[in-house]
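Number of protein chains: 2
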Amino acid sequence: MKELNSIQALIDSFSKLPGVGVKSAERMAYAVLAFKQEDRDEFVKAMNDVSQKIHRCPTCGLYTENPGECEICIDEGRDHKIICVVSDVKDALAIEKMNSFHGLYHVLGGVISATKGIGAEGLAIDGLLKRVKENGIEEVILATNPTLDGETTALFVAKLLEGKANVTRLGYGLPMGSSLDYADSLTLSKAFEGRKKI
Amino acid sequence: MKELNSIQALIDSFSKLPGVGVKSAERMAYAVLAFKQEDRDEFVKAMNDVSQKIHRCPTCGLYTENPGECEICIDEGRDHKIICVVSDVKDALAIEKMNSFHGLYHVLGGVISATKGIGAEGLAIDGLLKRVKENGIEEVILATNPTLDGETTALFVAKLLEGKANVTRLGYGLPMGSSLDYADSLTLSKAFEGRKKI
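As given, the protein sequences belong to chains A and B, one line each in that order.
Residue numbering for the first sequence follows the numbering used here, beginning at 1 and increasing consecutively.
Residue numbering for the second sequence follows the numbering used here, beginning at 1 and increasing consecutively.
If you are wondering where the hints come from, they were derived from the structure by calculation, not from laboratory data.
Some hints could be false.
What the hints assert, rightly or not - Distance condition first, Cα-Cα at most 25 Å in a straight line; then the derived BS3-like pairs of lysine-lysine:
{"hint": "1", "chain 1": "A", "residue 1": "Lys23", "chain 2": "B", "residue 2": "Lys16"}
{"hint": "2", "chain 1": "A", "residue 1": "Lys16", "chain 2": "A", "residue 2": "Lys133"}
{"hint": "3", "chain 1": "B", "residue 1": "Lys90", "chain 2": "A", "residue 2": "Lys16"}
{"hint": "4", "chain 1": "B", "residue 1": "Lys16", "chain 2": "A", "residue 2": "Lys36"}
{"hint": "5", "chain 1": "B", "residue 1": "Lys36", "chain 2": "A", "residue 2": "Lys16"}
{"hint": "6", "chain 1": "B", "residue 1": "Lys53", "chain 2": "A", "residue 2": "Lys23"}
{"hint": "7", "chain 1": "B", "residue 1": "Lys45", "chain 2": "A", "residue 2": "Lys45"}
{"hint": "8", "chain 1": "A", "residue 1": "Lys16", "chain 2": "A", "residue 2": "Lys53"}
{"hint": "9", "chain 1": "B", "residue 1": "Lys130", "chain 2": "A", "residue 2": "Lys45"}
{"hint": "10", "chain 1": "B", "residue 1": "Lys23", "chain 2": "A", "residue 2": "Lys53"}
{"hint": "11", "chain 1": "B", "residue 1": "Lys23", "chain 2": "A", "residue 2": "Lys36"}
{"hint": "12", "chain 1": "A", "residue 1": "Lys36", "chain 2": "B", "residue 2": "Lys53"}
{"hint": "13", "chain 1": "B", "residue 1": "Lys97", "chain 2": "B", "residue 2": "Lys53"}
{"hint": "14", "chain 1": "B", "residue 1": "Lys81", "chain 2": "A", "residue 2": "Lys16"}
{"hint": "15", "chain 1": "A", "residue 1": "Lys116", "chain 2": "B", "residue 2": "Lys36"}
{"hint": "16", "chain 1": "B", "residue 1": "Lys81", "chain 2": "B", "residue 2": "Lys97"}
{"hint": "17", "chain 1": "A", "residue 1": "Lys36", "chain 2": "B", "residue 2": "Lys116"}
{"hint": "18", "chain 1": "A", "residue 1": "Lys130", "chain 2": "A", "residue 2": "Lys164"}
{"hint": "19", "chain 1": "B", "residue 1": "Lys45", "chain 2": "A", "residue 2": "Lys36"}
{"hint": "20", "chain 1": "B", "residue 1": "Lys16", "chain 2": "A", "residue 2": "Lys53"}
{"hint": "21", "chain 1": "A", "residue 1": "Lys159", "chain 2": "A", "residue 2": "Lys130"}
{"hint": "22", "chain 1": "B", "residue 1": "Lys45", "chain 2": "A", "residue 2": "Lys23"}
{"hint": "23", "chain 1": "B", "residue 1": "Lys36", "chain 2": "B", "residue 2": "Lys90"}
{"hint": "24", "chain 1": "B", "residue 1": "Lys36", "chain 2": "A", "residue 2": "Lys45"}
{"hint": "25", "chain 1": "A", "residue 1": "Lys97", "chain 2": "B", "residue 2": "Lys81"}
{"hint": "26", "chain 1": "B", "residue 1": "Lys16", "chain 2": "B", "residue 2": "Lys81"}
Generate the whole structure from the sequences, applying the supplied hints.
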């Protein structure tokens, strides 16, 4: 008995997730088999929904189920003069959870990495410059991860924005080398308070 | 911005998997969003296939894509006089991987657990007794886990099979490649009991 094809395919798919090795993927696939039919249907539906309903906001890059811009970009209650720049959607979500930032976001979609040979080309920097120029943005908060690559990216973007808006960086309440995504809300909110002009 | 409904649904589904907490589930859901469309389609297809094509073998309880009995139950090349009893499908798969057992299987679908208040009712024991009685089974190998619950279950099943077939239990001892000073006392004492002349 070798692994059935459909189970193997599911194991392969689970293996592509972050932090999931072959053994964990096997456990997950078999767990799915042992699910109640109802739970399995929900899982399939969630997958389908995510695959079909969600797209990136054309302005900021966040995920949205709206046909056009995302909930945040069209929210009149938010401060449209401040943009918080993050490398990844997850980071914006972490910031939203602390519930004290009410500006807009801009997702770069990665970081510049000298070690990995990744340049600025793939990042959504042009869109950011355009937004700053056209919408009278007063402050751009650079909230890339406090890592070497995150810093590099922040400095690169700051340079481009020089004279166009106040550019700030999150305060070093964040421990270096950590991932913004894992920061607790308090640390994150301290970092927001302590942001400095660069 | 709270989590979008479809993303939240996916996070909830991932959270139901073994060893996956909320934070990991979040990472997984966002990883799925960041997948190439192709990978996401494959994932959905694998889920659907597993959900629709796979069922339990009515005889032994293994998973199969066959309309009736599984590949092992209908394989004439296997020894139909020996049944290896496991608590879970995954265990049968581990045994198949060693490639030296060529009998049939019987999946109990759990273990009797005094601490969790689980009795023998939910286990596929009747089916096992029926198979032993009707098919002239010569040996039943009880391969439940070497834990308290696994032992209890094995003893319970062995009692029911008394006089109907040879009932054996997997040997206990030191795992191959392990280090003696890391072995727990119980394993070590089992290894001493099971010592063999060389």
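Okay, the hints, checked on the actual structure:
1. In summary, the hint linking A:Lys23 to B:Lys16 is supported, as the alpha carbons are separated by about 17 Å, within the 25 Å threshold.
2. The hinted pair formed by A:Lys16 and A:Lys133 fails the criterion: a straight-line CA distance of about 39 Å is larger than 25 Å.
3. For the proposed pair B:Lys90 and A:Lys16, the alpha carbon gap of about 21 Å is at most 25 Å, so the pair holds.
4. Among the hinted pairs, B:Lys16 with A:Lys36 is consistent with the structure: their alpha-carbon atoms are about 11 Å apart, no more than 25 Å.
5. With a CA separation close to 11 Å, the supplied pair B:Lys36 and A:Lys16 stays within the 25 Å bound.
6. For the suggested pair B:Lys53 and A:Lys23, the alpha carbons sit about 23 Å apart, so the restraint of at most 25 Å is met.
7. Distance hint between B:Lys45 and A:Lys45 is fulfilled; the C-alpha atoms sit about 11 Å from each other, no more than 25 Å.
8. Pair hint A:Lys16 plus A:Lys53 holds up; C-alpha atoms about 22 Å apart against a cutoff of 25 Å.
9. A distance of roughly 40 Å separates the Cα atoms of B:Lys130 and A:Lys45; the hinted pair therefore is violated under the 25 Å criterion.
10. In summary, the hint linking B:Lys23 to A:Lys53 is supported, as the alpha carbons are separated by about 23 Å, within the 25 Å threshold.
11. A distance of roughly 23 Å separates the Cα atoms of B:Lys23 and A:Lys36; the hinted pair therefore holds under the 25 Å criterion.
12. Using a Cα cut-off of 25 Å, the hinted pair A:Lys36 and B:Lys53 holds, with the two alpha carbons roughly 15 Å apart.
13. In summary, the hint linking B:Lys97 to B:Lys53 is supported, as the alpha carbons are separated by about 23 Å, within the 25 Å threshold.
14. For the hint pairing B:Lys81 with A:Lys16, the CA-to-CA distance comes to about 41 Å; that exceeds 25 Å, so the pair is violated.
15. Restraint check for A:Lys116 and B:Lys36: satisfied, since their Cα atoms lie roughly 20 Å apart, inside the 25 Å limit.
16. A distance of roughly 20 Å separates the Cα atoms of B:Lys81 and B:Lys97; the hinted pair therefore holds under the 25 Å criterion.
17. For the given pair, A:Lys36 sits about 20 Å from B:Lys116 by alpha-carbon distance, which is consistent with the 25 Å threshold.
18. Straight-line distance between C-alpha atoms of A:Lys130 and A:Lys164 comes to about 11 Å, which keeps the hinted pair within the 25 Å bound.
19. About 18 Å separates the Cα atoms of B:Lys45 and A:Lys36, which keeps this hinted pair within 25 Å; it holds.
20. About 23 Å separates the Cα atoms of B:Lys16 and A:Lys53, which keeps this hinted pair within 25 Å; it holds.
21. The straight-line distance between the Cα atoms of A:Lys159 and A:Lys130 is roughly 15 Å, inside the 25 Å bound, and the hint therefore holds.
22. Taking the CA atoms of B:Lys45 and A:Lys23, the gap is near 21 Å; set against the 25 Å cutoff, the hint holds.
23. A hinted pair counts as satisfied when its Cα atoms are at most 25 Å apart, and B:Lys36 with B:Lys90 does not qualify at roughly 30 Å.
24. Proposed proximity of B:Lys36 and A:Lys45 is supported: the alpha carbons are some 18 Å apart, at most 25 Å.
25. In summary, the hint linking A:Lys97 to B:Lys81 is not supported, as the alpha carbons are separated by about 61 Å, beyond the 25 Å threshold.
26. As the CA atoms of B:Lys16 and B:Lys81 are separated by approximately 39 Å, the hinted pair breaks the 25 Å bound.
Going through the hint list in order, the structure does not satisfy hints 2, 9, 14, 23, 25, 26.
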